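2 protein chains.
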Amino acid sequence: MPSKRTLDTFLDDLASSSPAPGGGSVAALSGALGAALISMVCNLTIGKKKYADVDGDMKKIIGQSEDLRRQFTTLVDKDTLAFSKVMEAYSLPKDTEPQKALRGAAVREATKEATLVPLEVMKHCIDALALAQEVASRGNVNSISDAGVSALMLHTACEGAALNVRINLNSLDDPEFVGWKTDEVASLLSTSRMMLDEIQAIVEEKMKND
Amino acid sequence: MPSKRTLDTFLDDLASSSPAPGGGSVAALSGALGAALISMVCNLTIGKKKYADVDGDMKKIIGQSEDLRRQFTTLVDKDTLAFSKVMEAYSLPKDTEPQKALRGAAVREATKEATLVPLEVMKHCIDALALAQEVASRGNVNSISDAGVSALMLHTACEGAALNVRINLNSLDDPEFVGWKTDEVASLLSTSRMMLDEIQAIVEEKMKND
Chain A
1 MPSKRTLDTF LDDLASSSPA PGGGSVAALS GALGAALISM VCNLTIGKKK
51 YADVDGDMKK IIGQSEDLRR QFTTLVDKDT LAFSKVMEAY SLPKDTEPQK
101 ALRGAAVREA TKEATLVPLE VMKHCIDALA LAQEVASRGN VNSISDAGVS
151 ALMLHTACEG AALNVRINLN SLDDPEFVGW KTDEVASLLS TSRMMLDEIQ
201 AIVEEKMKND
Chain B
1 MPSKRTLDTF LDDLASSSPA PGGGSVAALS GALGAALISM VCNLTIGKKK
51 YADVDGDMKK IIGQSEDLRR QFTTLVDKDT LAFSKVMEAY SLPKDTEPQK
101 ALRGAAVREA TKEATLVPLE VMKHCIDALA LAQEVASRGN VNSISDAGVS
151 ALMLHTACEG AALNVRINLN SLDDPEFVGW KTDEVASLLS TSRMMLDEIQ
201 AIVEEKMKND
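Going down the list, the sequences are from chains A and B.
Be aware that the first sequence starts at 1, since it is given in my numbering, and climbs by one per residue.
Be aware that the second sequence starts at 1, since it is given in my numbering, and climbs by one per residue.
What the hints contain is simulated information worked out from the structure, not anything from laboratory work.
You may find that some hints are simply not true.
No distinction is drawn between identical chains; accordingly, a pair holds when it is met within one copy or between any pair of copies.
No more than 30 Å apart at the CA atoms, straight line, and that leaves these computed lysine-lysine pairs for DSBU-like [to be verified]:
{"id": "1", "residue 1": "K49", "residue 2": "K206"}
{"id": "2", "residue 1": "K60", "residue 2": "K94"}
{"id": "3", "residue 1": "K100", "residue 2": "K48"}
{"id": "4", "residue 1": "K59", "residue 2": "K112"}
{"id": "5", "residue 1": "K206", "residue 2": "K85"}
{"id": "6", "residue 1": "K123", "residue 2": "K206"}
{"id": "7", "residue 1": "K48", "residue 2": "K181"}
{"id": "8", "residue 1": "K123", "residue 2": "K50"}
{"id": "9", "residue 1": "K4", "residue 2": "K100"}
{"id": "10", "residue 1": "K85", "residue 2": "K100"}
{"id": "11", "residue 1": "K94", "residue 2": "K48"}
{"id": "12", "residue 1": "K100", "residue 2": "K49"}
{"id": "13", "residue 1": "K208", "residue 2": "K100"}
{"id": "14", "residue 1": "K48", "residue 2": "K4"}
{"id": "15", "residue 1": "K85", "residue 2": "K181"}
{"id": "16", "residue 1": "K94", "residue 2": "K208"}
{"id": "17", "residue 1": "K94", "residue 2": "K181"}
This one's a predicted model, so the numbers in the text were calculated from it and none came from an experiment.
Let the sequences and hints guide you as you build the complete structure.
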């Protein structure tokens, strides 16, 4: 479980010659960091007299952001595992025709699974960006830069996960699955980009008035 | 030292009602993750027959990326500390005129220091993006998505750090310092954006040919 390791150990494992954890796990971690920053802004808003009117909303948001944080953290590990399974499938014997067929099917299945993990990261990013927009709009203005960094981390998580979906799709010989997932990635990415732009406009406005 | 904590503990501290660590530390961590991914691509390139002609270059790059990773990791902690010092200065007594003057000077000094930490993060991002461009261009093509995620994390680190410089500058009453640093932030940000665009073009090209 990378999430139980120290930051230094995780960074060491990342930098090492082992291909997992890699960019996919980093994308999920970027999502977890973005979600944690949403919770932080909620925590710095809840109980403040000046923000009494949004107290209930912030309590609701923090329930959702903490749930998303847990899911992103789980996906850090799931991505590493999914990648290891692809590697395992590639290392199966391919000396005979039946072995080749078995190996081909195992690689295909593992690769499909490896596209689904970053796709899940992308979907969670959209949910989390909606919460980041709420806390940027109505959370404690003293934490506006934290809301801004949250949105940046979530959009980067989405873009990074998209690269990981696409590199896995590249090696799949299943046009229907590939076509469907390619469209899904494009749609999620453009939603994420639009949401980041909206949040950045809010952040800019609040930074000016600070 | 946050870097000695587990990922979960760091995320818990981040999500908590304590204002530090916050977005500034996350920006520095994003830089460390980007630098670690550069090292990973180098490690997956060094010693490979197909990449024998870039072996020496990759060994040189990994020396620099590991050095940058260490600096980013140190900056995670430095940002938390700098922010705590600003909070400390604000909590100084302000009952008498001499106390007010003392407190004002302490706040000013701590705030200036708190702008310099994310500015350092931004400068390191530019250096790291230059390395990310090298590994995207000439590193192991199987790791092209990792090079892409690296560039995303580094640019987001730069943008996140910029928000933290700017929010600190907002509260400073020193037009010369503010003007100078505002220009520096704008220039670093546009360089970072340009470098990300260039790297993303390389990544797209390589993903197509994969």
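| task | Could you place K4 and K100 in one of the four classes (within, between, both, neither) given a Cα distance threshold of 30 Å? | result | neither (38 Å within a copy, 46 Å between copies)
| query | Between copies, within a copy, both or neither: which fits K123 and K206 at Cα up to 30 Å? | reply | Answer is both; intra-copy 28 Å and inter-copy 26 Å each pass.
| Between the shortest in-copy and the shortest cross-copy C-alpha distance, which are at most 30 Å for K94 and K181: within, between, both, or neither? | within (29 Å within a copy, 60 Å between copies)
| said: Regarding K48 and K4, is the shortest C-alpha distance of 30 Å or less found within a copy, between copies, in both, or in neither? | reply: neither (33 Å within a copy, 32 Å between copies)
| query | Which holds for K48 with K181 at a C-alpha limit of 30 Å: within a copy, between copies, both or neither? | reply | neither (44 Å within a copy, 33 Å between copies)
| query | Are the CA atoms of K100 and K48 at most 30 Å apart within a copy, between copies, both, or neither? | reply | Between copies only: 26 Å across chains, 64 Å inside a chain, cut-off 30 Å.
| message | When Cα atoms must be at most 30 Å apart, do K94 and K48 count as within-copy, between-copy, both, or neither? | response | between (65 Å within a copy, 23 Å between copies)
| field | Identical-chain pair category, K206 with K85, by Cα at 30 Å | value | For K206 and K85, the Cα distance is within 30 Å only across copies (24 Å; inside one copy 46 Å).
| task | Please work out whether the CA atoms of K60 and K94 approach to 30 Å or closer within one copy, between two copies, in both situations, or in neither? | result | neither (54 Å within a copy, 37 Å between copies)
| request: Tell me, please, which holds for K85 and K100 at an alpha-carbon limit of 30 Å: within, between, both or neither? | output: Classified as within: same-chain Cα gap 17 Å, cross-chain 63 Å, threshold 30 Å.
| query | How do K85 and K181 come out at 30 Å by Cα distance, when the copy is not named: within, between, both, or neither? | reply | within (20 Å within a copy, 48 Å between copies)
| query | Can you tell me if K100 and K49 fall within 30 Å by alpha carbon in one copy, between copies, both or neither? | reply | So K100 and K49 pass the 30 Å test across copies only (26 Å; inside, 67 Å).
Hint compliance for this structure: hints 2, 4, 7, 8, 9 and 14 are broken, all remaining hints hold.
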